[in-house]
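Chemist: All letters in the sequence shown, in the order written, are residues -22 to -1, 1 to 344 by mature numbering (1 follows the signal peptide of the UniProt record, and there is no 0).
No wet-lab data here; the hints were simulated from the structure.
Keep in mind that the hints are not guaranteed to be accurate.
As the list claims (entries may be wrong) - In silico lysine to any residue, SDA-like type, Cα no more than 20 angstroms apart, as pairs:
(1) -19 / 41
(2) -19 / 63
(3) 288 / 211
(4) 282 / 264
(5) 153 / 163
(6) 153 / 133
(7) 196 / 274
(8) 268 / 343
(9) -19 / 47
Nothing here was measured: the structure is a model prediction, and the numbers come from that model.
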Amino acid sequence: MAFKIFMCVFPLPLVSLPPLNCRKCMRYVAGDVLYVLARKYPGFEYAALVRSENSAARVREAYPNVRVVLGSLDDADLLKREAAWADLVLRHHNNAADASDHESAARAIAAGLVEGHTESRPGYWLHTGGTGILTYFDTVENRFGEPPGRIFDDLDGVEVLTSFPDEAFHRNVDKVVLECGTAHADMVRTAIVCPPTIYGNGRGPVSGRSRQCYEMAKVILTKGYVPIVGTGLATMDNVHIQDLTQAYILLIEAALAGNASPELWGARGYLVAATGEHVWGPLARTMAAKTQEMGLLKGDGGIKEYQMSKEEALETAGFEALSWGLNSRCKGRRLNKFLGWKAEHPSLNDEVPGIVRSEAKRLGLL
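Required output: the full structure, derived from the provided sequences and hints.
Modeler: Here it is as structure tokens:
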């Protein structure tokens, strides 16, 4: 019997989103994972939740053997049925901008996994959270553009990551996943994967563009200044999209092998997929310098810096710009220790020319 995967990752929300627009990032990550899976494991049975006919047509064209499931995250019965059918559910968070991740969808998936699986045939749930949860302490203290205050650790400090305050980004759905993976550990194995800032071109059929760094390049290209939030010393972790995809592949292969390690699943199954880190101010300066070198800025003078307040950042590029003033740092050691995951693709700094080039092409400047 073929291994069955339900990818609850392509839906478009029924309501418009705030500026962060995580639905695009969601499709970006999901598309890259499916690109690799479909080639490496063509014998698997795949089902993908898709909200719009337009996206459905693109998925069908790229992957004729994928069963498209038209629906939304509000279709609880559908989600429950598909989760019961699948051996593994891959689901991304919905909307990080206001921390309103779709909790009812998560509960429907949990119910379906419990209903459709047994100890002899366990179900697996790979849920994508995000290290946006780590910005909680900056936001609650109204700190923007300041140096980092603390570094988390997903190996020695995993209990801290699984016990954030309820109002933190993603926490409402994290709790549902953790509860399912502990209360029903004999039949459902859960893992929460938390990527930080993602960069690199995605290989999926719907969206190949990430957000934070690409919006920074857009501001530099269109407004002609270096955007700095506060002191510019806020720091975040990062990961190349193809390295992130490999983390999912390793977890799926662990599921295939029947790996039931409590270090990967359940109460301790909280894995930060970070391979590097960057400071937002220096990154903006590097990006602006590369933009000048490529001849994409008008005028002969040097590009000036513009220091933004929290309100100006939101007005300039929504939550993406605000994130340039937030800290999110965590030692992502669990994936490496237990699955041998490591960076194999260019660093964010090395990728800067490619980010500028791709954004310039998207804007019609190249």
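Chemist: A separate judgement is required for each hint: does it hold in the structure or not?
Modeler: Outcome of the hint check:
no. : hint      : result
1   : -19 / 41  : 15 angstroms, holds
2   : -19 / 63  : 8 angstroms, holds
3   : 288 / 211 : 14 angstroms, holds
4   : 282 / 264 : 13 angstroms, holds
5   : 153 / 163 : 15 angstroms, holds
6   : 153 / 133 : 19 angstroms, holds
7   : 196 / 274 : 11 angstroms, holds
8   : 268 / 343 : 15 angstroms, holds
9   : -19 / 47  : 14 angstroms, holds
Checked against the numbered hints given earlier, this structure breaks none of them.
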